[in-house]
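Here is what each chain is made of, one letter per residue.
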Amino acid sequence: MERSQLHQKNLDKIFYPDSVAIVGANKVQGTVPGDLLLNLAKSDFNGIIFPVSPREKFIAGIKSYRYVLDIPDPVDLAIIVFQASVVNLALEQCGQKGIKSAIIISAGFKEVGGGGVDLENNLKAIANKYEMSFIGPNCLGVINTDPRSKLNASFARNMPEEGSIAFLSQSGALCTAVLDYARAKEIGFSKFISFGNKADISEIDLLHYLKNDPKTKVILVYLEEVTNGVALMKVAREIIHDTGKPILVMKAGRTSAGAKAAASHTGSLAGSDQICDAAFKQAGIIRCDNIEEMFNKATAFAYQPAPKGNRVAIVTNAGGPGVLTTDATIHEGLELAQFSDATKEEFRKNLPKTANINNPVDVIGDARADRYNIALSGAFEDSGVDAVFTILTPQSMTDIDLIAREIAKVSSHYDKPVYASFMGEADVAVGVHSLQRNRIPHYLLPESMAKSMATVYKFSQLAGINGAEPVVFKDVDKETVDAILMGAKAAGKSFLTEEEAVKILAAYKLPVLESTLVNSAEEAVKVVTRIGFPAVMKIMSDDIVHKFDVGGVLLDIKTAGEAEEGFTKIMDSVKAHLPTAHLKGVLIRKMIPAGEEVIVGGKRDPAFGAVLMFGLGGIFVEVLKDVTFRIAPLSRKDAAEMISGIKAFPLLNGARGRTPRDLAGITDVLLRLSQMATDFPQIRELDINPLIVLDKAAGCYVADAKIML
Amino acid sequence: MERIEVETRVKKVVASLLKINLAEVTDNANFIFDLGADSMQSLELVAAFEEEFDIELDQDKALAVQTVADAVNFISGYVD
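Protein chains in written order, with our numbering: chain A, 1 to 709; chain B, 1001 to 1080.
Do not rely on the hints blindly, as some may be mistaken.
Below, computed lysine to any residue pairings styled on SDA-like, alpha-carbon distance capped at 20 Å [stated by the list, open to error]:
#	chain 1	residue 1	chain 2	residue 2
1	A	K13	A	V117
2	A	K110	B	A1023
3	A	K57	B	L1017
4	A	K584	A	L624
5	B	K1061	A	V117
6	B	K1019	A	R66
7	A	K503	A	S541
8	A	K211	A	K245
If you are wondering where the hints come from, they were derived from the structure by calculation, not from laboratory data.
Model the full assembly from the supplied sequences, consistent with the hints where possible.
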């Protein structure tokens, strides 16, 4: 059985064990082994606990065993809390006992380097030998709030409430902070998992498990490193497509120090974080910047139905906050609902004359729960409303708690979402508490409320179309590319000449112009006379990457005489700059007509594989860094999003009277390059810079290309 | 000093400090896994060996010693 299949089987015993051995337990409160046992005992665990301790006969009144092998009954799960140096001995005995699932809490493994790496590898070997699966090492543990289990196998101080949100974290310390934060906001969890060094069971395995967990509706992940980006994208797509469960990820490392010197523009622009961003977007993963944003969005997903549209009604008792909420609503791409005449009539009849009966509905500062009831009921009843934002500011006559309950009561009759922002802190706390107890998502700021609803709305819109298939062209010539790459490898080359690069691109039907290598001024004249004017001349050498810098390029050659002179000029200039460079000759091709310059590139990322980049070319790419990324293979939708995703997109799409450019041509280039990058992993980086894009339907041309191996 | 003497004295120190029967202190017993020494007791054991044999041990190497037999070999290297 594959390890990943084995993990799915064994994970069930991690979350739903009938019996648990705590291996390395002790009596000392305030230590990890001592507290872990007490936490489990206090969590009303629906199973048997076996402490295993070399020295204690009883711990917390429970009979203790010297070795796990001494336990007379079967054991489903071992939680190992011994010091790192003897965890291997404990795990070996667990294997001999027939225990298939373990959580290794102990630290002192890969994270400390040196001998810790060997210790961790040893654990993997033992798990492999006995067909065991383990979470950790170096983790906080696991919590399952499902009443069927009630397992707090962690050294977190408190067991959270039951809920429908699962939280996975690579950091154990963050787990306790999140638990404390969530407790204050009365947010419950279905499963809470600290997976530490992920030596055996990884976030990918856990995501697979949570896909089928009926208790989990929303999945939150904190990651510090993505080790297998391709698998992460695959499982995320499966979860979103098959179950509609959203995945929200907070990924550390926004600021990248890894923009290493690279030979291509793509290489230097594609930091790991930008690639992560692109991959998450492509897979439908919602990336969050901080814990607050993550839980703001998670509660919107978990507590309320998804809105069927983006038309929002705002009910407020204050004008200013109503305006702020309107701004936030529009800013997030949502719309203000237009009330029907019947709704407005209802409001006119039942609300004070001074109330605003249009959207936002202002029920006036002295409003009590009855007025909120009228406004909310009217908004929910209106078929032109998809969701309701409720705003409250605390005046002396505002019955905050009653209004909060009224929101819960009224909204419970409708299949439309409601979100609330009770603005303030101390006075509104009683109402916020009611909202939280009644699972009405609450936000300190209207901006967070609008952002969270917009996320849910966009996710519900995208969920159905995420399964777009990668495009595969059948007219490509893989053999030619293979032969060129093998030749380059045999010659020990780290980058291809332009001539080779052009041949490779031509084999994948990318729009390159025919070019001819000449070795004399006379040959140059013959070639330009044949291909026509204007023409371009470029030096060819394996030793030169940046041809412009050494005077190796001449543009706009208009006559045979210019071509003749040009040959000599290029050769002289390059020899002066790089006397030792081996020169193959000068490449001549017809000059491409004027158009918009864009850059299309690709690089290989250790976690995500082939990554493609698109942006405006020339100086824009370096100065503005206005580029988009996607992971190959691309679907047509991915390619279209890459093009429309740059800020300068209007320049390509005919803004302010400009001629629209050939977007279909760029799409084709991106898709063919995606296929090439997928087919040939030995291509490390490539740049087409610039790709000249002509007017709509007129095509585009590769003006310069670099391929690095 | 004869190895057997080192062994006898090491085992006595271990049994006394960890408050266990001398019979439990077998050659292959692991200080942590079999005898239940915690990290503080591991430090105390090193100090107790130093006092017992009037020697000064390399702390890092001493703490890396896992079994009674390894401790006997390690300490034998420090005594004549």
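Cross-check of the supplied hints:
For the given pair, K13 of chain A sits about 27 Å from V117 of chain A by alpha-carbon distance, which is inconsistent with the 20 Å threshold. Distance check on the hinted pair: K110 of chain A and A1023 of chain B sit about 37 Å apart at the alpha-carbon level, beyond 20 Å; violated. Taken as a hint, the K57 of chain A and L1017 of chain B pair is honoured in the structure, with Cα atoms around 19 Å apart against an allowance of 20 Å. Using a Cα cut-off of 20 Å, the hinted pair K584 of chain A and L624 of chain A is violated, with the two alpha carbons roughly 36 Å apart.
Between K1061 of chain B and V117 of chain A the CA atoms are separated by roughly 19 Å; this keeps the pair inside 20 Å, and the hint holds. At roughly 16 Å between alpha-carbon atoms, K1019 of chain B and R66 of chain A fall within 20 Å of each other, so this suggested pair holds. With a CA separation close to 16 Å, the supplied pair K503 of chain A and S541 of chain A stays within the 20 Å bound. Straight-line distance between C-alpha atoms of K211 of chain A and K245 of chain A comes to about 8 Å, which keeps the hinted pair within the 20 Å bound.
Comparing the model with each numbered hint stated earlier shows that hints 1, 2 and 4 do not hold.
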